[in-house]
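*Asks:* Please take these sequences and the hints and turn them into a complete structure.
For our numbering, count along the sequence shown from 1 and bump the result up by 2.
No lab work stands behind these hints, which were simulated from the structure alone. C-beta atoms are modelled at their ideal positions from N, C-alpha and C, and glycine is treated no differently. This list has only true hints and no planted wrong ones.
Pairwise CB distance ranges, derived in the manner of DEER restraints:
1) Thr147 / Lys339: 50 to 58 Å
2) Pro215 / Thr147: 36 to 44 Å
3) Arg42 / Lys6: 22 to 30 Å
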Amino acid sequence: MSEKYDVIVIGGGPSGASAAKSLAEAQIRVLVIDKDDFPREKLCGGGLTANAKRAIKKIFKNVEFISREEKELHILNYSDDRFSPYITYSWKRPIIEVVDRFNFDDALLKEAINTGAKFEKDRITEIKINRDEEFELISKDRIYTSDYLIVACGTFGTKLFREKDLISPNYSIIYQTSADNVSRGNAISFFDEGFFWKFDAESYSKIGIGKYPPYLSYESAKKILSNYSSEEIKVAPIPVFNLRYSNEINKSIPGCLFVGDSGGFVNNWTGEGISYAMDSGDFAARAILKHYSDPERINQNFLDRLYKMASHLQIAEAFRKIFYKDMNRSLEILGEKKFAKLFISFLSNYHTSTKKLKFRSFFIGGVKSYGSEKIK
Numbered sequence: 003m004s005e006k007y008d009v010i011v012i013g014g015g016p017s018g019a020s021a022a023k024s025l026a027e028a029q030i031r032v033l034v035i036d037k038d039d040f041p042r043e044k045l046c047g048g049g050l051t052a053n054a055k056r057a058i059k060k061i062f063k064n065v066e067f068i069s070r071e072e073k074e075l076h077i078l079n080y081s082d083d084r085f086s087p088y089i090t091y092s093w094k095r096p097i098i099e100v101v102d103r104f105n106f107d108d109a110l111l112k113e114a115i116n117t118g119a120k121f122e123k124d125r126i127t128e129i130k131i132n133r134d135e136e137f138e139l140i141s142k143d144r145i146y147t148s149d150y151l152i153v154a155c156g157t158f159g160t161k162l163f164r165e166k167d168l169i170s171p172n173y174s175i176i177y178q179t180s181a182d183n184v185s186r187g188n189a190i191s192f193f194d195e196g197f198f199w200k201f202d203a204e205s206y207s208k209i210g211i212g213k214y215p216p217y218l219s220y221e222s223a224k225k226i227l228s229n230y231s232s233e234e235i236k237v238a239p240i241p242v243f244n245l246r247y248s249n250e251i252n253k254s255i256p257g258c259l260f261v262g263d264s265g266g267f268v269n270n271w272t273g274e275g276i277s278y279a280m281d282s283g284d285f286a287a288r289a290i291l292k293h294y295s296d297p298e299r300i301n302q303n304f305l306d307r308l309y310k311m312a313s314h315l316q317i318a319e320a321f322r323k324i325f326y327k328d329m330n331r332s333l334e335i336l337g338e339k340k341f342a343k344l345f346i347s348f349l350s351n352y353h354t355s356t357k358k359l360k361f362r363s364f365f366i367g368g369v370k371s372y373g374s375e376k377i378k
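*Replies:* What follows is the structure in structure tokens.
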């Protein structure tokens, strides 16, 4: 049994929902396929930056979801498998807004469905291209067909093309647990090529850790996270942004675009990915709408739209490399007010160069940095 759609989106998370919402608004016949029913659990700190909130407002407009805003962000120091207070950034606006991905992702997908997108729970095992140059998505019991395809199903989305020799993704591993008995206050830290977060949802805290390849072992992560919680530690892959990879896979198959984690779009410095997921999904939809009759131009248009975002992710990678060269010096820099302004500017907009980032940071007002109270 084969069902034909204009566009199929594999994955119903923020990137897939964003693509489906933008396509459905334009009266495109779009189907979202996900292996899970929604709402579903998603391993993520759930931190929304100003960039992410801008994307939500642009794509989903008046969607409603529960969140917790915080105008302070604690920067922690790492030593002997523990994180201790170092500095606190304070801003007149919320620096981080924390959501529970269980409800947040469901709200975005429902908005796409309410706009006209269709949804199917199914596990796609393989993607082929038939003689009519249509995409055939194969599951255990069904075949779905479309003119165009958006892959938004996680780090290893390229693996669904078994007959294609696509470049393998770069990835790492993150670990996360939860607790309801730690002191409140959103916090992040950087250590030895890795990052740590503690984000407060409405009734509990999400505490996680990740490290760039070679990634942290489960035993090492457990040793650190057990200082904060005895709850189960969950594990998930996370892409490592590489411009060559993201460009190559999005040039490889005319009419097929890889977005969100499937496209490798994540901030290598902070680990944040929600804003890049939503924007890349929306860019993919708009590229298809712009050149619906010309698959070759769709791929190039998508890459053109990604330019500013990809430039920003390259800046993040440069910062990551510089930052970890001398952690002691980097910690000193973190305590400077001008860096606090630069960091908040970095979270608030995409930048195409460090010069533009520094220039914009001069106009970030209401920022304070001061010694932090202890966060357990």
